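Participant: Letter by letter, the chains look like this.
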Amino acid sequence: MTETTSVLALRGISKGFGAVQALAGVDFEVRPGEVVALVGDNGAGKSTLVKVMSGIYAPDEGEYHFAGRPVKVNGPQDAADLGVATVYQDLALADNLDVVANLFLGHELTNVGPQLDETRMEQRAHELLGTLSTTIPSVRTVVASLSGGQRQQVAIARSLLGEPKVVLLDEPTAALGVPQTRQVLDLVRRLRERGLGVVVITHNLADVFEVADRIFVLYLGRPGGDFAASDVTPEDVVAAITGVHNGNGNAKEATA
Amino acid sequence: MSTATPPVSETDVLPRSRAEFLQRFTQGDFGSLRVLITLAVIWLIFALANDRFLSAINLTNLALQIAGIGLISVGVVLILLLGEIDLSVGIVSGLCAAIMAVLNVKHGWAPVPALAAAIVAGLAIGTFHGFIHTRFGVPSFVVTLAGLLGWQGVLLWVLGDTGTINLNAPLIVDLAGTFFADAIGWIIAVVLIAVYAAVTFSGRMGRVRAGLDAPPVGALVVRVVAVAVPVLLTVWIVNQDRGLPLALVILVGFVILFDYVTQRTTFGRHIYAVGGNEEAARRAGIDVRRVRTVVFALGSMMAACGGIMLASRLLAVNQSSGGSDLLLLAIAGPVIAGTSLFGGRGRVWSALLGALVIGSISNGMDLLAYSSDTKFMVTGAVLLGAVVVDAATSKRRSRAGRV
Ligand SMILES: Nc1ncnc2c1ncn2[C@@H]1O[C@H](COP(=O)(O)OP(=O)(O)O)[C@@H](O)[C@H]1O
Ligand SMILES: [Mg+2]
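Sequence order for the protein chains is A and B. Be aware that the first sequence starts at 22, since it is given in our numbering, and climbs by one per residue. Be aware that the second sequence starts at 526, since it is given in our numbering, and climbs by one per residue.
One chain only, chain B, in its complex shape:
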């Protein structure tokens, strides 16, 4: 019955009243707003507890700390969108970094081919997981659990007796060690904002020309400003320290790339369809196995990228690379930032926002000299809070008949 339908939930339509805003907020329509509030609260607490938290040097460090895990989380988001999980991303990041290190240091490969080999290894591992998962119908949970164990063995084998390999090849250590001059930082920021504004407004023009209803110009201005302010603020802050880190540019670049792929391409559309209703996707003629396999390949590729970034920052690869809490935090991040564990819902941006939340907790706790026991407990509580809120809002949402 059309009359009984709740108000139209156009993806980008802004709420008309405060009541509607509150209603949609509690239904989780503004998932990213919720995580921004979480982030603001965390920052406020740490800023009050220690005035060094918001210093340029500390925030620059924070950017460097989240680059590696954020890159891994980008791949995790893609896999979560399918409603699957990849438990091997941590160890695969370590293994691929080890492959790069061994080829570069022990076998004398130049940095570029060594980096390429690590990324190709990631793609191959993910393709293998996807193949086993789709051809034999093995749940991704089990395939990647086997991967978690198996690739750990391969990592130890690749490293051999050395244990630790120190990195000093220029290009490799530059990934985490490069800071742009102030002017370049500003140029990057302005170009980014200009491109975003151009895409936003040309999209509106296209709709107007096609005779479709378009969002009001004011709403788009608000949206561009909402992007411009944090971008400019970031550059302003990091320029007071060492400058814009290349690592942050790489992370944001991958987030933008995969946000484009998921939101604006047929392949991305098919990922959401498979995650939302696999049977519908299959009947629509989508090659579900191919979509799944490619997503697992991309997931492991991003794990490789994250592993390389972590190694570059550590200036070494060792037997514990990719281990410890890396996997758990890489999955927790996007979930904290609103990506559903059940597939079909979430944005690539949640990788960046989630990494920021987790990174901020860890960084702030370090500043306050808490030990890792407290850190784990707080991070766990934040994750628990996020999934409880997610479950509650999606229940409220389904009662109101929205996804």
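Isolated chain A, as found in the complex:
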């Protein structure tokens, strides 16, 4: 639990929007090869915390550590340069383009001048999707004809092209059916196998217990519990999310 082992760590993060204190004194970390589920009620500050990690929000207070060193993150580009990739809830894929074009959008491979190197892009797309064992039928499929789960897989695969060390997923299984959710969770496991640190926001406790190594609870912008997934029951987590029982203190001590 020390900084030498965590790839991304936040210390004492606070962030307010006017009168709303969205985050207050939050410590958070994720280690390589670890899946951390970030849970909490609506408005608990999950998205805000992810946006601090992805550089979209500058915290009012607190430190950002990457690979054990304090770093300055001013904007999403800084976070991306460090190796923090974010997959947002609204996937932002271009429906009219095929899988290869979406994977490389904005970072196309070229051969002569600005001429697209379709062959090399398609090869790399095959490699990437192959190692991830995605269920995408063909890399030349137009994205509009993919299922929700397949689109999510494209979005996640896309974030891996920049060789990140940490991947942040905001509600990757929201609005997906059971089989599609399974596909996405399988993919999350393979990110872990690749040694990436993964942070998953989710509302679904079944998902949490299926993939997470650690469960981090936010309650009204404050740390509401930090559990090893194997140590707790869903009831414990629900209690921490809703703030009933004397949840906070005990939960922390349980894993400390």
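Check the hints yourself; a few may be wrong.
[Claimed, not checked] Each pair of labels, with its calculated beta carbon distance range:
1. Thr152(A) to Arg815(B): 33 to 39 Å
2. Gly151(A) to Glu804(B): 28 to 34 Å
3. Ala735(B) to Asp252(A): 48 to 54 Å
4. Pro638(B) to Ala88(A): 58 to 64 Å
5. Ala735(B) to Ala227(A): 37 to 43 Å
Honestly, the hints are just simulated from the structure, not real lab data. Values in this document were obtained by computation on a predicted structure and should not be read as measured data. Just so you know, even glycine gets a beta-carbon here, dropped at the ideal spot from N, CA and C.
Position chain B with the ligands against the provided structure of chain A, taking the given hints into account.
Facilitator: Just chain B with the ligands now, kept in the frame of chain A:
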């Protein structure tokens, strides 16, 4: 669920069965095939009604008639791919032609600098539209509507009291007035086909070498033949009249150039991305404003080229240059030929095919001595038919989960 996904819709994969062909045809996967059928029907009707329609002299005239509007439509396609519209392309074509004419005739500029000035003026006007559109978030519809009015004023001002300026500088009138000798026409055709075949087959070889699945050789042969036949037929026909018109070579050249830019370059890819999902493009790090501004600049540049071609054919520029139905037809053409008004879907070829459809209607009606009232009504009906078919097929397509 992968099992529930419709069959893979690889861009160039040929349908496997007749049922699949019919299904994809009604879903609009073969947009250009549909317009070719439309064209065939129109030609058949006019050929039956008047045997002069398919004569070499008339088809050569048709090529000359569509060159100017086709060039304007090339720029319109780029703008439609963004999901935007440019209502000023007609008047900008007139204004740029007027700039060329005034510089050449009144100020004694040589043809080349006068032509260059007209094209640069087009680029500058489009950049200005793009700038206002992107920096102030004004819808392109409004910016270019203001342009339609404003540039009309500038056109009248540039022409001054003269009203009409007649053109006689060699290079300028040669644009629409040059016909290649028969042999040169054949050479151009053969080179074009050879290059297309080389690109097609070397692309396949590259895929095979990279271990990617490649289309069967037979399918590529069919594709090369499908290009070779109309090209050779065209040259054969025009060679029976005055020969291959330079104007047609210029139009096809620009179509090929911009088809390459849109299909094979990063910039083209970014145009489709912005037209398909602007937010996705922005998050992918694409400079959306830059893409938009450059597209508007290119759109007006092509309007300038079209205006020059029209002036060269008319041998004059006057106060009605770029006016009348030019704008509407330049936009209607690509839409008839399958380019979506909603962005992200369409090919530059639709500029050529659309101009052919519209030009054929107009030319055939002229031959049959119909007046322009009938011409407008028929063209309107064809446009309406095309957009209705487009809307219906894209509905069917989205039900089947395809773009
Ligand atoms: N950009 C913002 N401006 C003002 N208030 C915000 C903003 N973003 C979040 N908040 C507020 O901060 C709190 C935490 O929000 P958020 O991080 O989105 O929660 P969650 O993702 O856990 O549902 C909420 O009270 C929300 O209203
Ligand atoms: Mg949220």
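Participant: Would you pick out the hints that fail for this structure and give their numbers low to high?
Facilitator: none
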